[in-house]
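Asker: Here is what each chain is made of, one letter per residue.
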Amino acid sequence: SAVISQKPSRDICQRGTSLTIQCQVDSQVTMMFWYRQQPGQSLTLIATANQGSEATYESGFVIDKFPISRPNLTFSTLTVSNMSPEDSSIYLCSATGLAGQETQYFGPGTRLLVL
Amino acid sequence: LAKTTQPISMDSYEGQEVNITCSHNNIATNDYITWYQQFPSQGPRFIIQGYKTKVTNEVASLFIPADRKSSTLSLPRVSLSDTAVYYCLVGAFHSGGYQKVTFGIGTKLQVIP
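As they're listed, the protein sequences go chains D and P. Counting in my numbering, the first sequence tops out at residue 115, every number present. Counting in my numbering, the second sequence tops out at residue 113, every number present.
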């Protein structure tokens with residue numbers, strides 16, 4: 001299986017600021033996704049990061065709040081903009097299409113606390 | 001996307017076989033069933049996937065009846081390290097080679113010494 005890393009692993013931020021989370025895969029992948037997970041809760045899909053085009057957002061998530069980049073087949077970023085305490089959560093990226101496999105592989109997550 | 005229903009929590013003693021059943025009554029013809037495992041402070045990890053009948057790998061077995069309206073994940077002889085949340089997911093594979101799924105609340109398995 002491939003290795004997916006995220007930076008930072010955790011951060012504490014002030015409200016009104018923005019944080020960019022990086023996701024790096026050690027091999028080329030077809031699709032990359034960004035999820036949010038509140039502590040003790042399930043995962044909610046934020047968006048699909050498309051290489052070379054705009055991300056596809058799920059209902060309830062907008063590009064102005066969660067801009068996403070995917071400049072190549074191994075890297076993506078998620079920015080949490082104008083943060084509020086309600087954005088405190090774990091943000092996970094995942095990837096699929098690794099070496100022909102189609103299941104999703106997840107990164108370790110970025111734990112964000114907004115004060 | 002097909003909705004799934006699974007028990008919120010289960011307890012088991014070490015060494016026992018654990019079976020977690022998931023209901024997916026409105027599963028579509030093209031949907032596959034996938035199970036993930038998540039430990040605290042980690043991302044979910046793929047366990048097993050199937051379409052029908054029985055699938056077995058080095059970690060678990062997946063039993064799917066003919067009507068495919070449910071599936072059972074079987075973990076043989078669990079150990080304390082199997083304590084985790086287990087998610088049952090159902091979805092079709094898109095042309096881009098990915099399975100778009102919706103995570104439910106999962107089953108929190110607690111293995112007791």
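Hint data in this document are derived by calculation from the structure and do not stem from the laboratory. Nothing here was measured: the structure is a model prediction, and the numbers come from that model. Treat each hint with caution, since some may be false.
What the hints assert, rightly or not - Straight-line Cα separation of at most 27 Å, BS3-like style, residue types lysine-lysine; simulated pairs:
| hint | chain 1 | residue 1 | chain 2 | residue 2 |
| --- | --- | --- | --- | --- |
| 1 | P | K3 | P | K52 |
| 2 | P | K100 | D | K7 |
| 3 | P | K69 | D | K65 |
| 4 | P | K69 | P | K100 |
| 5 | P | K54 | P | K100 |
| 6 | P | K52 | P | K100 |
Asker: Compare the structure with each hint and give your call.
Answerer: Comparing the hints with the structure gives:
no.: 1; hint: K3/P to K52/P; in the structure: holds (18 Å)
no.: 2; hint: K100/P to K7/D; in the structure: holds (25 Å)
no.: 3; hint: K69/P to K65/D; in the structure: violated (38 Å)
no.: 4; hint: K69/P to K100/P; in the structure: holds (19 Å)
no.: 5; hint: K54/P to K100/P; in the structure: holds (22 Å)
no.: 6; hint: K52/P to K100/P; in the structure: holds (19 Å)
Comparing the model with each numbered hint stated earlier shows that hint 3 is the single one that does not hold.
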